[in-house]
Amino acid sequence: MALKLGVGLFTGQIPASSGRTFNQEYRTILELTKLTETAGLDAAWVSEHHFAEDGYLPSLVVMMAAMAAVTERIELGTGVILAPFHDPIRLAEDFAVCDQISGGRTICGLGVGWREEEFREFGIQVSSRPRRLTELVEVLRLAWGEERFSYSGRHYNYEGVSVTPKPQRTPPILLGGFVDPAVKRAGRIGDGYISSRASLERVAECFQMAGAERAAAGHSSPPVVGVLQNGFVTEDPERDWPVVRAGAGHQLGTYSGWREGTDVPGTPLRVIPPDEDSLRPSLAYGTPDEVTAYLEPLVDVLSAYPESHLVVRHHYPGMDNEPAAESIALFAKEVAPRLRERAARR
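Residue numbers (this note's numbering): 22 to 367.
Because the hints were derived from the structure by calculation, they are not lab data. All of these numbers come straight from a predicted model, not from anything done at the bench. Misleading hints may appear alongside valid ones.
The following label-pair restraints were derived from C-beta to C-beta distances [what the hints assert, rightly or not]: (1) D296 to T185: 31 to 41 Å; (2) D296 to V182: 46 to 56 Å; (3) D257 to P186: 47 to 57 Å; (4) E297 to R162: 41 to 51 Å; (5) F72 to D296: 22 to 32 Å; (6) A219 to R162: 23 to 33 Å; (7) R280 to F170: 37 to 47 Å; (8) E343 to G61: 15 to 25 Å; (9) E343 to N178: 45 to 55 Å; (10) A236 to F199: 19 to 29 Å.
Ideal placement from N, C-alpha and C gives every residue a C-beta, glycine not left out.
Sequences and hints are given; from them, build the entire structure.
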């Protein structure tokens, strides 16, 4: 096991001003996924939301099946599927089929969700999130590991059911989340924990917390850990900054608009992009040397674990495939070897 370098998150978002179509966007995702493999990287990751005006990917396993069809080696992960909105048996079946298509390359990243409109439209109580996630994980493990099983929970109940086919490889289950209870839950019931980028101190603290909870639950192996990091590699940072700023600003501004509650029914979403002074330092952005230097401290934290994932985003809403392809190629050629070498020395 070692540090695995992935590309993502692919979110499929199209700002209204971009003029792109979803067919173009999805083809771009598949082209960049193929490049991820041919460039020698390790994984591609997708992310889920629903009822988004910009078309944020609502159907991750379908997209992963398409990604599996154009690749042969890289892993394909969800970062994350919003567990409360999925029937456990149907999700187990979808993942099993996708894993068979891919030849055993899927990773099941799950989260509880947080956006109020999604819970409102699906008719699910926000307060039920933790229990729904826990039950879904329990059912997934039974569905993938038992020929026939019964399950009695608060939200899901099954009697003598069988899921066929089974996945070729049981997908590792990584749980996301930001607050301590979510991190502890990942250690307790998941195979690992995946985090959006926070301070190095917080990332290390979360990994340690997940590891301690995993050990307390009786697991002998440490957790798989991962970090999602926005980035972009370029030989000319000033030339490419406007397009990255616009795309990353839309991505992060959409999240801010949702958190501010601007996505009420019948009201257009108000995107609230971060100011440039806070946006640029949050990205692993710049020349290969600059991006390497930015990511090295994070690699040091990740490399303390036998299996870890660093997932770097290169493609942003509204961006054509050429800039993202150039960034991925530069990352694979000039950044990845140095990060892998550093990780191997830990």
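- Query: Any of the earlier hints contradicted here, and which numbers?
  - Reply: Checked against the structure, the only hint that fails is number 1, while the rest are satisfied.
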